[in-house]
Amino acid sequence: MTYGRLREPVSTWPVPNEQFEPEQALRARDACFAEYELADELGFDWVSLAEHHYSPGSLAPSINVLAAALSQRVHKARIAILGPLLPLGNPVRIAEEIAMVDNLSGGRVIVALLRGAPYEYLVYNVDPAESRSRYEEAWELIYRAWTDTQPFGWEGRYYQFRNVSIWPRPIQQPTPPIIVSGSSKDSGELAARKRVALGLAFTNLPLASEASRFYREKAEENGWQPTSEHVLYRLNAYVAESDERAFADMNRQAEGRGAASVGGGIVNANRLVAASGFFGQRDANLTNRFQNLSEGAPRSLEDAVRLGTLLCGSPGSVAEQIGVLQKEIGCGVVEVSFASPQGSEEAKRQAMTLFAREVVPAVRGL
Amino acid sequence: MTDLPHKVIDIEGGSLGYLEAGSGETVVYLHGAGGRPPAGSTFVSELAKDFCVLVPSRPGFDDSSEIGKRTPDGAAAAVAAFIEATSKGPVHVVAQSAGGAIGLWLAVLRPDLVSSLVVSAPSAFAHRPPPSGGGPVRSPQDLDKVLYGDRPTWSALPTDEEQERIRRNAAFNMQNFGGNNEELLARLGEIRAPVLVLWGTEDRLVPSGDSSVYQKNIPQAVRMFIYGASHELPIAATAKWVSLVRDFIRRGEFFVVNSGGE
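Chains as they are written, first to last, in the numbering used here: chain A, 1309 to 1674; chain B, -15 to 246.
Derived by calculation from the structure, the hints in this document are not laboratory data. Treat the hints with care, since some could be wrong.
[Stated by the list, open to error] With the Cβ distance kept under 10 Å, some of the chain B side facing chain A (calculated, not the full set):
#1 36
#2 138
#3 142
#4 156
#5 182
#6 183
#7 185
#8 192
#9 195
#10 208
#11 224
#12 228
#13 230
[Claimed, not checked] What follows is a set of in silico ranges between Cβ atoms, one per label pair, in the way DEER data are often shown:
#14 126(B) / 1590(A): 21 to 31 Å
#15 240(B) / 1532(A): 36 to 46 Å
#16 234(B) / 1590(A): 37 to 47 Å
[As the list claims (entries may be wrong)] Away from chain A, derived, C-beta distances all over 10 Å, residues of chain B:
#17 -10
#18 -4
#19 3
#20 136
#21 189
#22 200
#23 212
#24 242
Heads up, the beta-carbon is just placed ideally off N, CA and C, and yes, glycines get one too.
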């Protein structure tokens, strides 16, 4: 759920909220619901939402509030909560809320239990160096809260509770489907150890291929073999009638976005947190990646498609691009974030429609 | 624990060796399959900062003679005689692993002697195969890890002689106390003392899922998981274990209420 364009461009993060206007926020809400409802009508398998903070780019600081609202507006598609940021919240509260949304939706929740992007750690003043260990402890506590049917207490390094017995439990037993981010080796190992799905988001084809291979290798060590349905790849997408039209629309978006982008502030926040121990020693390459984002970044839309960070083109071309992702990464689930060139909701709706009607049938059997 | 005074007391049918430390309300610690805690463990000394801690070797273990039946309820009767001989009134009982069945029987049979009961990774009921991540113990080093985890608290590592004593005791325990205790299970509802059930989330010997049966069947049970801890909680997670045991003994039913960092 995005707020839309600001009156005055802002390049810092956190974004000052002085430009917040209630009328525009209500329009954003209506557009958001209309988009989710369209996705539901078009037959997408799921609709997703993600927790982010302090920016008009994503209005879902308390992700389960929005998920609860969606559960009453989206009637067929699953609701993919991607996801609560475990180290930033109260794990018992997260377990309760996800279970509640699963009840409200009649058992349609998919949940990614995530650490979040580095910059999120500036929001609630959590030590980035504790992120991994907080995440793993919260993961265990949430899972036990969902699955243990007798009251219990928890004496952990970060979390202490003397009474846990959540009501309701999830409709889906023992838990809703769980996804773990595969951006780091620690996460990939955790997903393999826990026998849950791997989510690869906003990375690129070579890195995702390597992460997927690592996950499968670790799963093998843990005595099981993931199917393609256990690997999710998330990226941006835009579809138009022809390749020419799609690239032209997206090029216009790229030109227009600079003025309103808050990317610079987030990039800097990410850099600071990444350098403060967020990725730990084992994944020093990820720290370097956040220090030097320009290195290896796509130079053009064509380059982005080649690197697997964007689906763009006609329905036929996008289906081929998905085929490449599936072959290289082994992903059976492709999660797309549709672009709206120059803020055009109509163009976005058309892209979603084309994708659902022409791309999805073509890739279903891959 | 190395310097704790070692005593022997005669009770009906034989004698029991025991360690004693500290002063205050009495805590009787019932050891697991390995017998008396290794000399290099520190948890008894830690508990003894607040309580009078008595650590009897159960009948047939270490330097204690065999007394009565070789069953958990038989051992509980001997422990009851020990408490009557050493203490003026009811005591707090803390029972680890295989000692759990004895502590539970004691609370069933002699409620007048038990003010409160802590069972720590008790192995009273049927074992099931450990969950994923478990598996057979492959070496002495692996057994140490299964028992004590990655960061045990030792003032000194167990000597070869102690390790032999532990193995001998464990074999004796397995031969005589390895049953399923079905009668005990049926009688857990009779326990009137407040009970704290402690378990490590990484326990590969007795999976943490086994803890539900205690919570479900004991009327006043509070179940706590110590995150990341393995089976021998007093050694594997000494600081957290001592803190929880101390808090439970001191605060009783108020244990479940945040004490404001006391």
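Against the structure, the hints come out as follows:
For residue 36(B), the interface hint is violated, since its Cβ never comes within 10 Å of a Cβ in chain A; the closest pair sits about 25 Å apart. A hinted interface residue such as residue 138(B) counts as satisfied when its beta carbon comes closer than 10 Å to some beta carbon of chain A; here the least separation is about 21 Å, so the hint is violated. Annotation: interface hint on residue 142(B) violated; nearest CB of chain A at approximately 26 Å, more than 10 Å. For residue 156(B), the interface hint is violated, since its Cβ never comes within 10 Å of a Cβ in chain A; the closest pair sits about 32 Å apart.
This hint holds: residue 182(B) has a C-beta 9 Å from the nearest C-beta of chain A, less than the 10 Å allowed. Given the 10 Å rule on beta carbons, the hint for residue 183(B) holds: about 9 Å separates it from the nearest Cβ of chain A. The closest approach between the C-beta of residue 185(B) and any C-beta of chain A is roughly 6 Å, which is under the 10 Å cut-off, so the hint is satisfied. Interface restraint check for residue 192(B): the shortest CB-CB distance to chain A comes to about 8 Å, inside 10 Å, so the restraint holds.
Because the beta carbon of residue 195(B) sits about 8 Å from the nearest beta carbon in chain A, less than 10 Å, this interface hint is met. About 4 Å separates the beta-carbon of residue 208(B) from the nearest beta-carbon of chain A, less than 10 Å, and the hint is met. The interface hint given for residue 224(B) holds, since its Cβ lies 5 Å from the closest Cβ of chain A, which is under the 10 Å cut-off. Given hint, residue 228(B) at the interface with chain A, holds; its Cβ is 6 Å from that chain's nearest Cβ, closer than 10 Å.
Proximity of residue 230(B) to chain A is violated relative to the hint, the smallest CB-CB distance being about 13 Å (cut-off 10 Å). Under the hint 21 to 31 Å, the C-beta atoms of residue 126(B) and residue 1590(A), about 24 Å apart, fit the expected range. Between residue 240(B) and residue 1532(A) the beta carbons are some 39 Å apart, a value that agrees with the proposed interval 36 to 46 Å. Our hint of 37 to 47 Å for residue 234(B) and residue 1590(A) holds, since their Cβ atoms are close to 42 Å apart.
Here residue -10(B) stays apart from chain A, with its beta-carbon at least about 32 Å from theirs, past the 10 Å limit. For residue -4(B), the requirement that its beta carbon stay farther than 10 Å from each beta carbon of chain A is met, with the minimum near 39 Å. Against chain A, the non-interface label of residue 3(B) holds: every CB pair exceeds 10 Å, the least being about 26 Å. Residue 136(B), annotated as away from the interface, keeps every beta carbon of chain A farther than 10 Å; the closest lies near 16 Å.
For residue 189(B), the shortest C-beta to C-beta distance to chain A comes to about 19 Å, beyond the 10 Å cut-off, and the non-interface label holds. Not every C-beta of chain A lies more than 10 Å from that of residue 200(B), the closest at about 6 Å, which undercuts listing it as non-interface. Listed as a non-interface residue, residue 212(B) fails to keep its Cβ farther than 10 Å from every Cβ of chain A; the least gap is roughly 7 Å. In this structure residue 242(B) is not separated from chain A by more than 10 Å, as the shortest Cβ-Cβ distance comes to only about 8 Å.
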